[in-house]
Amino acid sequence: MENLSTSNLHTDLGRISYADCLDLQMKLVSLRKAGKVGNVLLFLEHYPPVYTIGRKADPKNFNGVEVVKTDRGGDVTYHSPGQLVSYIIFNTEKDGKRDVRKFVHSVEGVIMDTLRFFGYESYVGEEPGIWIRNPDRKVASIGMAIDGNISYHGFALNLTREPIEGFTAVNPCGLDPAVMGYVPLERSAVIREIVRNFADRFGPFNELSRRELMEAATTLS
Numbered sequence: 001m002e003n004l005s006t007s008n009l010h011t012d013l014g015r016i017s018y019a020d021c022l023d024l025q026m027k028l029v030s031l032r033k034a035g036k037v038g039n040v041l042l043f044l045e046h047y048p049p050v051y052t053i054g055r056k057a058d059p060k061n062f063n064g065v066e067v068v069k070t071d072r073g074g075d076v077t078y079h080s081p082g083q084l085v086s087y088i089i090f091n092t093e094k095d096g097k098r099d100v101r102k103f104v105h106s107v108e109g110v111i112m113d114t115l116r117f118f119g120y121e122s123y124v125g126e127e128p129g130i131w132i133r134n135p136d137r138k139v140a141s142i143g144m145a146i147d148g149n150i151s152y153h154g155f156a157l158n159l160t161r162e163p164i165e166g167f168t169a170v171n172p173c174g175l176d177p178a179v180m181g182y183v184p185l186e187r188s189a190v191i192r193e194i195v196r197n198f199a200d201r202f203g204p205f206n207e208l209s210r211r212e213l214m215e216a217a218t219t220l221s
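All letters in the sequence shown, in the order written, are residues 1 to 221 by my numbering.
Certain hints may be false.
[As the list claims (entries may be wrong)] Taking lysine-lysine and the DSS-like style, the derived pairs with C-alpha atoms no more than 25 Å apart in a straight line are: (1) Lys102 / Lys33; (2) Lys97 / Lys36; (3) Lys27 / Lys60; (4) Lys69 / Lys56; (5) Lys33 / Lys69; (6) Lys94 / Lys33; (7) Lys102 / Lys56; (8) Lys36 / Lys94; (9) Lys94 / Lys27; (10) Lys60 / Lys102; (11) Lys27 / Lys97.
It is worth saying that the hints were derived from the structure and are not from the lab.
Quantities reported herein were computed from a predicted structural model and do not represent experimental measurements.
Please take these sequences and the hints and turn them into a complete structure.
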C-alpha cells in the first residue's frame with residue numbers, strides 16, 4: 001500500500017448509505033488534519049435514496065419531505081443511484097494561506113473540464129451548480145464544508161434519469177425541479193476523467209479499494 005500520509009488517494013465506494021459515508025468522511029477529515037493521509041477523493045452512489053439540507057436551507061423548499069440535516073453549504077438536494085457523488089477531503093491551504101473560494105472554483109473547473117471532455121459545454125450561472133445548455137439544465141450540485149483547512153462533502157453529478165424523479169418532491173437549492181437534468185455518461189469513464197482533472201490541479205492520485213480505505217480509516221483513527 002502507498003504511503004498514505006504523502007499520497008493523494010481516490011476510492012470508488014460503490015453504493016453506501018448516507019450515514020455510513022458521513023461517518024467515513026469525518027474519520028478521513030480527522031486523519032487529514034493530523035497528516036496521516038493525503039487528499040482523498042471518494043466516489044459513490046447513495047443508497048437508500050436520501051434528501052439532505054445544508055446550513056441555510058429554506059423549509060419552504062422541502063415542505064413535508066423527510067430530510068437529513070448537514071453542515072455543508074447549499075439548500076435541499078437529493079441523492080440516489082444513477083448519480084455520481086464525489087466527496088472531497090482536501091487541505092485547502094496553499095503557501096500558508098486558505099482560499100476557500102479559489103478551491104471551490106477549482107472543483108467547479110474539474111466538473112466543467114470533465115463535461116467538456118465528453119462533449120458538453122457547461123457553465124456556472126447565477127444559480128448554484130453546474131449547468132449545460134440547449135436546454136439549460138442543472139446537472140451537478142455543489143455543497144461543501146470546511147473544518148479548519150480541510151474540505152469535506154463535495155458535488156453530485158446526475159448521470160441517469162433516476163435521480164431526476166426524486167427532485168420533483170422538493171425545490172432543489174430553491175429552484176423549480178424542472179431545471180434538473182442529467183448527462184447520460186458511463187460512470188467509470190467519468191470517474192477516470194474527474195481523477196485526471198483533479199490530478200492536473202493537485203498532483204497525482206493513487207487508487208485504494210473500498211476495503212483498503214475502510215481498513216486504513218479504522219486502523220489510523
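Report task. Just pull the numbers of the violated hints for me, sorted ascending. Result -> 3, 10
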